[in-house]
Amino acid sequence: MQPLSILDKLRSRNITRWHTVLTSMNQSVAEHSHCMGIIAEALLDELFVDVHNKPTIEDKYWVLKYSQQHDLAELYSCDLSSIYKSLLNKLIPDFKRVTDAIETALLPELEKTKGYICLQPELELILKAADLLEALNFFKYGKGLDVEHNNIVEQKIMEALIAIENDGQKRFPKLNWHCIKYIQHEILNGKSAINNFEKVQLFDPAL
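1 is the number of the first residue of the sequence shown in the working numbering; add one for each residue after it.
Just so you know, the hints here were simulated from the structure itself, not pulled from any lab data. Note that the coordinates shown come from a computational prediction; the quantities given were computed from them, not determined experimentally. Note that the Cβ used here is the ideal one computed from N, Cα and C, for glycine as well. You may find that some hints are simply not true.
Think about it this way: if two alpha-carbon atoms lie no more than 30 Å apart in a straight line, the pair counts; the simulated DSSO-like pairs of lysine-lysine are [what the hints assert, rightly or not]:
hint, residue 1, residue 2
1, LYS191, LYS174
2, LYS199, LYS156
3, LYS181, LYS85
4, LYS174, LYS199
5, LYS60, LYS112
6, LYS96, LYS112
7, LYS181, LYS54
8, LYS9, LYS96
9, LYS143, LYS85
10, LYS170, LYS181
11, LYS85, LYS174
12, LYS156, LYS143
13, LYS140, LYS112
14, LYS54, LYS143
15, LYS140, LYS199
16, LYS9, LYS65
17, LYS128, LYS112
18, LYS114, LYS96
19, LYS90, LYS60
20, LYS174, LYS9
21, LYS143, LYS112
22, LYS174, LYS90
23, LYS90, LYS199
24, LYS85, LYS54
25, LYS60, LYS156
26, LYS65, LYS54
27, LYS90, LYS191
28, LYS128, LYS9
29, LYS143, LYS174
30, LYS90, LYS114
31, LYS114, LYS54
32, LYS60, LYS174
33, LYS54, LYS90
34, LYS170, LYS156
35, LYS199, LYS65
36, LYS128, LYS143
37, LYS191, LYS156
Beta-carbon label-pair distances, calculated as ranges [what the hints assert, rightly or not]:
hint, residue 1, residue 2, range
38, LEU87, GLU148, 18 to 24 Å
39, ASN14, HIS178, 36 to 42 Å
40, ASP167, ARG11, 19 to 25 Å
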């Protein structure tokens, strides 16, 4: 199998998400990946806020790199629904191994990215949280008219975020796992310099 080319990867702007969820606007894989990276970097900064060590530039690089790469295999598969993936996992014992092998063939560089993340499991939790928080942020603006289904999806996202926070606190108690709730609050209720540009000093005129 030939790895994805630069041209292929740029087509991630054409692959849409949320196929089984009614939304009021489309979201591409590229949009999701970019926004996930923004959230992951913010989480990383807050995660280390109360301890002496800070995230390194390498940590940030690999977190952003993973955000960029993690869904590019959907250029071949498109965005499989969670329901369908769950069914395939039950029916095909080797399903994850096969999909991982395809992903590695398409994106050989992802193996190196995952290798770095595996050495620092707290980064893996941050990336899972960032993935879910990006979905929550999209839902803030992109909910459709199927209110019942939208509410169920949103509730599952919230529950998964709580589970990640609890897991992080148990495994890495010295880190600030409340950063997940903080970034969630900022995403849902935070202030915007753009929306309030009349009242916010966006820059120092003396500079």
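Now for the hints, and whether the structure bears them out:
1. LYS191 with LYS174: holds (29 Å)
2. LYS199 with LYS156: violated (37 Å)
3. LYS181 with LYS85: Distance of about 28 Å is within 30 Å: holds.
4. LYS174 with LYS199: Violated. LYS174 to LYS199 sits at ~38 Å, over the 30 Å cutoff.
5. LYS60 with LYS112: Holds. LYS60 to LYS112 sits at ~15 Å (cutoff 30 Å).
6. LYS96 with LYS112: Holds, because 19 Å separates the two Cα atoms, which is no more than 30 Å.
7. LYS181 with LYS54: holds (20 Å)
8. LYS9 with LYS96: holds (22 Å)
9. LYS143 with LYS85: holds (23 Å)
10. LYS170 with LYS181: Measuring from Cα to Cα gives roughly 16 Å; hence the hint holds.
11. LYS85 with LYS174: violated (35 Å)
12. LYS156 with LYS143: holds (15 Å)
13. LYS140 with LYS112: Outside the cut-off at roughly 34 Å; violated.
14. LYS54 with LYS143: violated (36 Å)
15. LYS140 with LYS199: OK: LYS140 and LYS199 at ~24 Å, within 30 Å.
16. LYS9 with LYS65: holds (13 Å)
17. LYS128 with LYS112: holds (18 Å)
18. LYS114 with LYS96: holds (15 Å)
19. LYS90 with LYS60: Not OK: LYS90 and LYS60 at ~35 Å, beyond 30 Å, violated.
20. LYS174 with LYS9: violated (38 Å)
21. LYS143 with LYS112: violated (36 Å)
22. LYS174 with LYS90: Roughly 37 Å separates the two Cα atoms, so the pair is violated.
23. LYS90 with LYS199: Violated, at roughly 55 Å.
24. LYS85 with LYS54: Since the Cα atoms of LYS85 and LYS54 sit roughly 37 Å apart, the hinted pair is violated (cutoff 30 Å).
25. LYS60 with LYS156: This hinted pair holds, its Cα atoms lying about 28 Å apart.
26. LYS65 with LYS54: With a Cα-Cα distance of about 19 Å, the restraint between LYS65 and LYS54 holds, given a limit of 30 Å.
27. LYS90 with LYS191: Roughly 44 Å separates the two Cα atoms, so the pair is violated.
28. LYS128 with LYS9: Given pair LYS128, LYS9 holds - Cα atoms ~22 Å apart, limit 30 Å.
29. LYS143 with LYS174: Status violated; Cα separation ~37 Å.
30. LYS90 with LYS114: holds (25 Å)
31. LYS114 with LYS54: Holds, at about 21 Å.
32. LYS60 with LYS174: Distance of about 19 Å is within 30 Å: holds.
33. LYS54 with LYS90: The given pair, whose Cα atoms are some 41 Å apart, is violated under the 30 Å limit.
34. LYS170 with LYS156: holds (21 Å)
35. LYS199 with LYS65: Violated. LYS199 to LYS65 sits at ~36 Å, over the 30 Å cutoff.
36. LYS128 with LYS143: Measuring from Cα to Cα gives roughly 22 Å; hence the hint holds.
37. LYS191 with LYS156: Holds, because 25 Å separates the two Cα atoms, which is no more than 30 Å.
38. LEU87 with GLU148: 18 to 24 Å: Holds - the Cβ-Cβ distance for LEU87 and GLU148, about 22 Å, lies within 18 to 24 Å.
39. ASN14 with HIS178: 36 to 42 Å: holds (38 Å)
40. ASP167 with ARG11: 19 to 25 Å: violated (35 Å)
In the structure shown, a violation is registered for the earlier hints numbered 2, 4, 11, 13, 14, 19, 20, 21, 22, 23, 24, 27, 29, 33, 35 and 40, in ascending order.
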